[in-house]
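Undergrad: What follows is each chain in one-letter form.
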Amino acid sequence: GAVVSQHPSRVICKSGTSVKIECRSLDFQATTMFWYRQFPKQSLMLMATSNEGSKATYEQGVEKDKFLINHASLTLSTLTVTSAHPEDSSFYICSAIIQSQADSYNEQFFGPGTRLTVL
Amino acid sequence: DQQVKQNSPSLSVQEGRISILNCDYTNSMFDYFLWYKKYPAEGPTFLISISSIKDKNEDGRFTVFLNKSAKHLSLHIVPSQPGDSAVYFCAAKGYKLTFGKGTLLTVNP
Chain A
1 GAVVSQHPSR VICKSGTSVK IECRSLDFQA TTMFWYRQFP KQSLMLMATS NEGSKATYEQ
61 GVEKDKFLIN HASLTLSTLT VTSAHPEDSS FYICSAIIQS QADSYNEQFF GPGTRLTVL
Chain B
1 DQQVKQNSPS LSVQEGRISI LNCDYTNSMF DYFLWYKKYP AEGPTFLISI SSIKDKNEDG
61 RFTVFLNKSA KHLSLHIVPS QPGDSAVYFC AAKGYKLTFG KGTLLTVNP
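Each protein sequence line maps, in turn, to chains A and B.
Here the first sequence stands for residues 1 to 119, numbered as in my numbering.
Here the second sequence stands for residues 1 to 109, numbered as in my numbering.
These are calculated hints, taken from the structure and not from any lab test.
Distance condition first, Cα-Cα at most 20 Å in a straight line; then the derived EDC-like pairs of lysine to aspartate or glutamate: (1) B:LYS93 - A:GLU59; (2) B:LYS96 - A:GLU59; (3) B:LYS101 - A:ASP88; (4) B:LYS101 - B:ASP84; (5) B:LYS96 - A:GLU63.
Construct the entire structure; sequences and hints are all you get.
TA: Written out as structure tokens, the structure is:
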């Protein structure tokens with residue numbers, strides 16, 4: 001299957017700083033990428049849908065000024081957690097859909113996730 | 001309000017036996033259901049899916065059953081293998097994927 005990478009896999013930062021997480025589709029083009037967050041023992045929660053070349057669509061309750069998403073190319077989307085606080089500590093996972101099968105959720109490929117810890 | 005529920009956080013079965021993972025949903029507008037498998041430190045990987053117009057889909061050792069009237073689906077793995085040990089997420093598709101909390105399956109040799 002297609003490969004989606006995330007960098008970094010783990011990050012620890014101080015409260016008030018900003019952290020950038022990268023999501024790359026390595027062997028396919030993805031017009032649409034998704035960002036999820038997973039708290040311990042909870043389900044994956046969709047934060048936003050990122051479309052190449054346009055503004056991201058955020059889910060209700062997700063602060064767009066705090067979680068900045070940029071999808072500048074067909075293979076890269078970034079999530080920046082601005083002014084991070086301890087309650088932002090979580091597991092962040094991105095996923096990407098193969099361009100030619102945008103309606104097929106069978107072809108949603110997930111990255112390995114990024115563990116963010118805010119001290 | 002959790003629209004997709006996996007009420008069993010964990011399940012332990014013996015190798016060779018059947019594993020049955022359950023999932024309940026509340027939104028009748030969901031039109032597609034998927035199961036994902038997740039190993040530690042990896043992202044979820046797609047396992048099997050079923051359209052809301054069907055009641056069964058089979059792929060090798062994996063079978064998904066859908067009972068629309070009960071808003072319930074289940075994943076059957078038979079025979080279970082130690083390599084199947086992972087967290088299994090049920091997901092339902094509306095305008096987005098909504099995930100359950102997952103069930104940790106442990107298959108003992």
